[in-house]
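Colleague: Sequence:
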Amino acid sequence: MKQLYDWLDQNENKLRERGFYHDREGTFPTETFDELREQGFTRLTVPEQYGGMGASLTEFLRMQQRLAAVDGASALSLGWHNGLVYHIAAYDLWEGELSGFLFKEAASGALFNAASTERASGSPTRGGMPETKAVLRNGSWFVNGRKAFTTMLPVLDYAQVSAVIEETGEHAYFFVPLNLPGVRMEETWNSAAMRSTGSHDLVLQNVELPGGNRIQMKPQPAEPGTGWLLHIPACYLGIAEAAFHYAADFSLTYSPNSLEGTISTVPHVRQKVGEMSLLLKESEAVLYYTAEKWEKASKEERVNFAGDLAAAKHTVINNGLQIVDLAMRTAGARSLEEDNPLQRYHRDMRAGLHNPPMDDAVIEKLASDVLGK
4 MKQLYDWLDQ NENKLRERGF YHDREGTFPT ETFDELREQG FTRLTVPEQY GGMGASLTEF
64 LRMQQRLAAV DGASALSLGW HNGLVYHIAA YDLWEGELSG FLFKEAASGA LFNAASTERA
124 SGSPTRGGMP ETKAVLRNGS WFVNGRKAFT TMLPVLDYAQ VSAVIEETGE HAYFFVPLNL
184 PGVRMEETWN SAAMRSTGSH DLVLQNVELP GGNRIQMKPQ PAEPGTGWLL HIPACYLGIA
244 EAAFHYAADF SLTYSPNSLE GTISTVPHVR QKVGEMSLLL KESEAVLYYT AEKWEKASKE
304 ERVNFAGDLA AAKHTVINNG LQIVDLAMRT AGARSLEEDN PLQRYHRDMR AGLHNPPMDD
364 AVIEKLASDV LGK
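With our numbering applied, the sequence shown has no gaps in its numbers, which climb one by one up to 376 at the end.
Think of the hints as simulated: they come from the structure by calculation, not from any bench. One or more hints might be untrue.
[What the hints assert, rightly or not] In silico DSBU-like pairs for lysine-lysine, Cα to Cα no more than 30 Å straight-line:
no., residue 1, residue 2
1, K107, K302
2, K221, K302
3, K221, K296
Could you put together the complete structure from these sequences and hints?
Modeller: What follows is the structure, encoded as structure tokens:
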């Protein structure tokens, strides 16, 4: 993995400038993902026997944080691919040959994500059933539906699509190559935050799949834990870190004519920088302590980690919001200028509130753990 860090160090300025360009334009950084594929970022969590790097959860999260400090939208997008691959591998989740096929494809640069959210049903974490339908005819599946917020869609190769089987009403998942007839992208992503994630609508019109492309889950000794979702707070931690460093550097270099030195000597500025540093350290401690605990736990023990995982996400996101706010207060009104990175960090950090689990669900989960349902 050292080569990935070295490459990021060498290309940081180029990637950051490109990220800001695509954020302004509301376009997807295809060229960045071409380079990420070429450098092997899609192999990060692929098991070593399939040609991957076999990164642990903590290694994966640290790479997320590092990439997000350069370009948060690209990190969040890639995180879904690496996170899902990690999750499927960690639990040997799929029956048959589909997982092996996915791992080999990812090791060769293919990108994968889940397509589960629909506008009518809301977030799948809330329990809504998909309106996408699948029908089995003559040994093939025919899938029809529309998926919203399909992150990284302009460059995705494969998707895990949720659907209801018409004959039985059963909730099922399908492995869909996105180069098939009937698959298309409708450009609907117009968010003020994470503008360059390419989270458009995936439209499936009578898409024919082989019978074996229905994903069958292997029986598990316990409900699979979702430690992989820590990629979300890891990404936002990287954005908060970038805001902190920008504000600290600004305080060390900005010298109004009302001062003999820079504003780094002003008490209220020093207070803000100290508070940001504290919040950043708290966030890192919570995130990586939780990841380490999760990795050391057995699969059976991980069932009881939902509260810990949710608390880590809640802590990192809300601390990050404070960090960006303090950074903007440090830089003053210029933080709202269009070419200032802080205004982008502010918008992107807000998006973390709407990634699962949402704050209200986190608090209710923690209350239920203490008080019962």
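Colleague: Next step is simple, just say for each hint if it's right about the structure.
Modeller: Hint check results:
no.	hint	in the structure
1	K107 with K302	25 Å, holds
2	K221 with K302	14 Å, holds
3	K221 with K296	25 Å, holds
In this structure, every one of the numbered hints holds.
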